[in-house]
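S.K.: Protein chains in written order, with numbering that gives the first Met the number 0: chain A, 0 to 309; chain B, 0 to 309.
Please note: incorrect hints may appear among the correct ones.
Copies of the same chain look alike in the list, so a pair counts if it fits in one copy or across any two.
Taking lysine to any residue and the SDA-like style, the derived pairs with C-alpha atoms no more than 25 Å apart in a straight line are [unchecked claim]:
{"no.": "1", "residue 1": "Lys-198", "residue 2": "Tyr-138"}
{"no.": "2", "residue 1": "Lys-198", "residue 2": "Leu-160"}
{"no.": "3", "residue 1": "Lys-198", "residue 2": "Gly-136"}
{"no.": "4", "residue 1": "Lys-271", "residue 2": "Leu-165"}
Quick caveat, the hints were computed from the structure, so don't treat them as lab data.
Number of protein chains: 2
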Amino acid sequence: MLHEVKVFAPASVGNAIVGFDMMGLALSRPGDEIVARRSERPGLHITAITGDEGKLPYDPEKNTAGLAASSLLKHLDKTGLGIELEIHKCMPFGSGLGSSAASAVGGAFAVNVLLGSPLSKRELLPFAMQGEQLASGGYHADNVAPSLLGGIILIRSNRDLDVLSLPVPTELYAAVVYPEVEILTKTARGILKTEVPLKQHVVQSGYLGGFMAGLFCSDYDLIGRSLRDVIIEPQRACMIPHFYEVQQAALSAGALGCSISGAGPSMVALCKGDAIAAQVGAAMQQIFTQAGIPNELFLSAVNAEGAIAL
Amino acid sequence: MLHEVKVFAPASVGNAIVGFDMMGLALSRPGDEIVARRSERPGLHITAITGDEGKLPYDPEKNTAGLAASSLLKHLDKTGLGIELEIHKCMPFGSGLGSSAASAVGGAFAVNVLLGSPLSKRELLPFAMQGEQLASGGYHADNVAPSLLGGIILIRSNRDLDVLSLPVPTELYAAVVYPEVEILTKTARGILKTEVPLKQHVVQSGYLGGFMAGLFCSDYDLIGRSLRDVIIEPQRACMIPHFYEVQQAALSAGALGCSISGAGPSMVALCKGDAIAAQVGAAMQQIFTQAGIPNELFLSAVNAEGAIAL
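Okay, chain A solo, but in the shape it has when bound (with noise of 0.2 Å):
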């Protein structure tokens, strides 16, 4: 019997620039570092949050990670057994990284994996929404099954939590670049009109299908011409300062497509190559930093395994 495991749940990219709402990648790196550990007091209790400066609640109830924990206990029947959990954030909150979806994701799978995996990680997916809708608002699987499974994620259908699993190319890699500058979700979507052109919805179908062929294909050219985003990018650029010139420079030194990551404001770019990426991600941060703008830079390949144990 484990008495006490870590885990790490990564980032992840929302909306993968071309599926808003229903797809979404697993970055390497930024994530949560969630530890559980059995303990004699029953019941379910977090005893550390750390790299939040003091803003996630101690109550598991009101707590992503503790209620993606205590959904699962319940699930399990276990909810008197006594655990532990300590939160360790290492990514910025509120950044469009899917921070709430990895705390949900590492809540979960750390109790699942200190009980000795009883559930697969497919099958911990509707409890870490749980955790994650707490945190979003909203019961959305773009940023929590990529966490959990890795890779690059398909919604099929959000309802049915029906997630499936896309080829990933081998040299696909992600320049994530965080500009310190605060949008909540709630607010980013309240942006968004309610109804898209038909003919927007048809150009960019033809881009979310054609990105998936690209996957499929491992054919980066016409990922680069599907990486495209007719319907969002333009009601939330508005958000992010410089996205333009950000998006343009990123074009320019030779990533595949650039957006917005999730709700923002990070952006993303998608590139082959780790070599090219990091030359985006630079002239990225050149924009921002050249503003004014504090700014971050995350280089990853997609995370092809999604939440682990240390």
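Starting from the structure of chain A, add chain B where the hints point.
M.R.: For chain B alone, kept in the frame of chain A given last:
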């Protein structure tokens, strides 16, 4: 030098249920036959049209097949060449089976073959689309591209004419039933709302993605879970009498999915295997027949070849 050629251009299923205006698939039958032959008389002339009940014009600039052929001849700088076209319509008009697209493809393809195939099939696409535009009023590749190239076609970009051939699972069959009620494509377009709820866009994107992954993985179950249309079908179903009964009959008989072919009134069911397709087709016909609506069934594998010389 060829003196005369006869070609076949197949019917097609626009939208392929999940991909409005950006996907289509080719059927093996029905289709149009077009004859092109050299003649002493300079210029392009349509010398015979059969199967059209006298509806189609003989003026090449006003005839879908003629305009496609003449656009190609202009491009090749061969407008002075004496060419006669015969158009044999072997499929119903206004049926939702891409009748005008088949004629347009046949016209361009026949002339190209007659001239020793100076252009590749893919290069014929813009000329066939000019012909089709005459009939449908829109510049769309979702019928023209499958009729020309065969298979299941994804239109990544209609503007760039970037069309992709998707993999076709070997056991994928179509049962298409044409009920003899008239719907003009222009009318069917007119009833569509110009806006789509964002939530429906997300749901439909999931189905499109699921269908594509199903094609790439030959996963019939996934194809079945994905062959749904929450955007166009609810708006157009009212144009087809007994639509929902026919759809239910198809699904009960084992279809993977069933909806409107193109702009209707034909209905298409995709099935695993020809035996199930035959059962499904019979079940669909029965509903129309019981309602006193004359109808015709076309059973077909997905046509991998597209237009061919006979």
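S.K.: First find the shortest C-alpha distance between Lys-271 and Leu-165 inside one copy, then the shortest across copies, and answer within, between, both or neither for a cut-off of 25 Å.
M.R.: both (17 Å within a copy, 23 Å between copies)
S.K.: Reference check for the pair Lys-198 and Gly-136, CA-CA at most 25 Å: within, between, both, or neither?
M.R.: The answer is between: 15 Å across copies meets 25 Å, while 29 Å in one copy does not.
S.K.: Classify it for me, Lys-198 with Tyr-138: is the Cα-Cα distance of at most 25 Å met within a copy, between copies, both or neither?
M.R.: between (27 Å within a copy, 13 Å between copies)
S.K.: Please sort Lys-198 with Leu-160 into within, between, both or neither, judging by C-alpha distance up to 25 Å.
M.R.: between (28 Å within a copy, 16 Å between copies)
Of the numbered hints given earlier, the model fails none.
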